[in-house]
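J.: Here's the letter readout for the chains.
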Amino acid sequence: EAAVTQSPRNKVTVTGGNVTLSCRQTNSHNYMYWYRQDTGHGLRLIHYSYGAGNLQIGDVPDGYKATRTTQEDFFLLLELASPSQTSLYFCASSDPSTNSNERLFFGHGTKLSVL
Amino acid sequence: GEQVEQLPSILRVQEGSSASINCTYENSASNYFPWYKQEPGENPKLIIDIRSNMERKQTQGLIVLLDKKAKRFSLHITDTQPGDSAMYFCAASAGFASALTFGSGTKVIPCLP
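So the protein sequences, as listed, match chains A and B.
Residue numbering for the first sequence follows my numbering, starting at 1 and increasing by one per position.
Residue numbering for the second sequence follows my numbering, starting at 1 and increasing by one per position.
No lab work stands behind these hints: they were computed from the structure.
Check each hint, because a few of them may be wrong.
[Claimed, not checked] Residues from chain A shown here face chain B by an in silico Cβ test under 8 Å; the list is partial: (1) TYR33; (2) HIS41; (3) GLY42; (4) LEU45; (5) GLY58; (6) ASP59; (7) PHE90; (8) GLU102; (9) GLY107; (10) HIS108.
Here a beta-carbon is modelled for each residue, glycine too, at the ideal position from N, C-alpha and C.
Isolated chain A, as found in the complex (with noise of 0.2 Å):
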């Protein structure tokens, strides 16, 4: 089973603040993404990646950024934090290179509240 770690699991911060959610893999996954879970909304793309260096907008991009420093390792950054992203994120990995294919290996989680 694939493994996708999330750092923190719960984050609390002000409005204005700054944030950063950190997502580790070690399957040697070449693609990650950051979805964000809200009641009524389901899982919604922020942005993903396609390996290191490379970043793609997704639907709801605005007022996050993303790096992808290492094939293992994606970042989500809050800069200006607002109540509205209050909300549960998950990073995933996938390679669709493998028989897998586009099976999404989710993190647990990362809890954060704007207060």
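Take the given structure of chain A and dock chain B to it, following the hints.
T.: Then chain B, alone, in the frame of chain A:
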């Protein structure tokens, strides 16, 4: 991009009965349709998927149907049991190098007959 609509948002189903969740998509180029199950406090996990070259797929009490003309796909849980209590998400993508777009989720609540 892609838009995926999922209904219903909440589904109460008697134990032993079948539960059905429906999704529609907009992008005719979408060719991969997975379903994820998320139990309380857990992360989503893939339970079954179907590609556009198939109309029906079945595994371990789950059936997925795909109607490409109608741009509609559905999940059927046969013989619903307490362990099926969870959020279920449908998703669609145009395949390799395309990210998944998820539906808004369905909360399945099994209840006693």
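J.: State for each hint whether it applies.
T.: Hints, one by one, checked against the model:
Because the smallest distance between the Cβ of TYR33/A and any Cβ of chain B comes to about 6 Å, under 8 Å, the interface hint for this residue holds. Because the beta carbon of HIS41/A sits about 6 Å from the nearest beta carbon in chain B, less than 8 Å, this interface hint is met. Contact between GLY42/A and chain B, as hinted, is supported at the beta carbon level, the nearest pair being about 4 Å apart and thus within 8 Å. Interface restraint check for LEU45/A: the shortest CB-CB distance to chain B comes to about 5 Å, inside 8 Å, so the restraint holds.
Hint on GLY58/A holds. Least Cβ distance to chain B is approximately 7 Å, under the 8 Å limit. Checking ASP59/A against chain B: minimum C-beta separation of about 6 Å stays under 8 Å; hint holds. For PHE90/A, the shortest C-beta to C-beta distance to chain B is roughly 6 Å, which falls under 8 Å, so the interface hint holds. Interface hint at GLU102/A: satisfied, since its Cβ lies 6 Å from the closest Cβ of chain B, which is below the 8 Å cut-off.
Checking GLY107/A against chain B: minimum C-beta separation of about 6 Å stays under 8 Å; hint holds. Nearest Cβ of chain B to the Cβ of HIS108/A: about 5 Å, under the 8 Å cut. The hint holds.
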